[in-house]
Amino acid sequence: MNLHFAVALLLLLHWDCSIKKNNHSYLVNGNTSGKSNFKGKLCLQLAFILQVLLWSANKVFEELTDIERQFHKAFYTVRAYLNCDRYSVGLLDMTKQKEFFDLWPVLLGEVPPYSGPRTPDGREIVFYKVIDYILHGKEDIKVIPNPTPDHWALVTGLPTYVAESGIWCLSACYFFKEGPLDESGWTIKNVLSMPIVNKKEEIVGVVTFFNRKDGKPFDEQDETLMESLTQFLGWSVLNTDTYDKMNKLENRKDIAQDMVLYHVKCDKDEIQEILPTREKLGKEPSECEEEELASILQLPGPSKFEIYEFRFSDFDCTELELVKCGIQMYYELGVVKKFQIPQEVLVRFVYSVSKGYRKITYHNWRHGFNVAQTMFTLLMTGKLKRYYTDLEAFAMVTAALCHDIDHRGTNNLYQMKSQNPLAKLHGSSILERHHLDFGKFLLSEESLNICQNLNRRQHEHMIHLMDIAIIATDLALYFKKRTMFQKIVDESKTYDNTTAWTDYLSLETTKKEVVMAMMMTACDLSAITKPWEVQSKVALLVAAEFWEQGDLEISVLQQQPIPMMDRRKAAELPKLQVGFIDFVCTFVYKEFSRFHEEIQPMLDGLLNNRNEWKTRADEYDAKMKALEEEKKKEEEKMAAQKGQKQH
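Under mature numbering (1 follows the signal peptide of the UniProt record, and there is no 0), residues -18 to -1, 1 to 629 are what the sequence shown spells out, in order.
I should point out that these hints are in silico values taken from the structure, not numbers from a laboratory.
Derived lysine to aspartate or glutamate pairs resembling EDC-like cross-links, with alpha carbons at most 20 Å apart: (1) Lys493 to Glu442; (2) Lys250 to Asp240; (3) Lys493 to Glu473; (4) Lys111 to Asp164.
All chains should be modelled from the sequences, with the hints used to inform the complete structure.
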């Protein structure tokens, strides 16, 4: 009712001037009694108008799908309060520019150009639909698509005149056609015709009221009511237009998603690289039993590529082998059998996730897999699985696989500075929310939905954990959760019995979520803990992607990048790495190694890499210091020589 009240208030203000104007004439004559009577009549009239408009508004805001239904519901609701025999609503074609195939016959001279009346904004006047309301005798409502010019509501030419001129007509007798206009013998006696104008000042239709019931001409009260009604309906068109635009955007989104899915989804030939059913069984995967698929599934096994080790490196793996390793992890977790994940669906899902990552320098499928492998290793080798159910481990590894899917190679700040649509869609954790949406989008596809056999409660819990896990990879949130995690680690040290602590934490939902969020950070940054021969190469990939963003900031945004993203300061990389390790990384791995001693290898790797970077940073500083001293000596020498010449 608040919206309806606002409409009524606007109309009260609209008619306030009319009341004041009429009151003035009574004051001049000194007729205060007449003044009171007049004010009373005006108040009753205004109350009646507002009531009619509120009834109409109630229907207008119920119907947003199209203008025809909106107008019909509004006029039908108030039909008993309109003082006339009939009224008709003609809806105008809003097309401003014809299609090329309609223009060709005119341009080729085969048909003459249109020379008929046009609306004030230049549109050809074509009533594509007329809605007739017959209120005398047996009430009837008719909807006539593409009405002919001799239709009883159009034959006089009055609606066309109003659409052309944009002004309303009252009792325009010269338009009347003598004699009956239909088989009932009905004739026009008086008329009131008004344009319906939207917020863009475009005439969207014409409403014509015929024959006041008492036989008298339409008066000022009729004009006021009907003008207010048509004006309100004209404004309401904005809602329909907005709804239509939203509908089109939704349709475009669905089409875009379908296109994305076509390019990302694992196709029939690609799945044969992992499930060679054609070669082995002579049929497609969908035609095979689960036992048959299990017998031919080609996976590397857990030991070949050391997926249980913190030192794992993807350098010796092809991208397809990483897909196979990703599938292997689900089997190692024991979730494939427990949650009845169809093997074909699992293969399609992991393969499709790999294709969802862009071919960019660092945040590509290799990074996505590395994060998932570290999550798997923390759970299994790091013994963190003891706090989590199989379903939760299932969700955590899946979230890790999807955590950077469709990354663009630029960070959240760049999305905001460049006014990327993602920044307008998501207010915070911009890219992380996009990765989450993309992952959910893949899971929503039946042929990729590895959650399809979960019950409703399990599915909701899995999606909830994925929400937390992927959003938690936003480093801006990392600093907010550090203290919470540290308190949990401190609390764990108050327990002498590992079993008692495990039983306690396993039931503490919020604390488990905090630990999981910190695990995602540890996984996302895990390249910093790898053996030096791996870390040194990965660091260059990260730096290269940062420099690419820095180049964009210079060329596109005309801004100077921060030192970390400025390729002109590439020599400072060792120093920047030491700062990153000290400010961001050390805490998470120090606390995890304190939490579980099995995770100590990650901290050891981090500290070793810090020493390597520090050595190189010191060498760079020493070199720069030597250059600075040499430059200073050269300047002093030149100054001394200049002084001798002056003497």
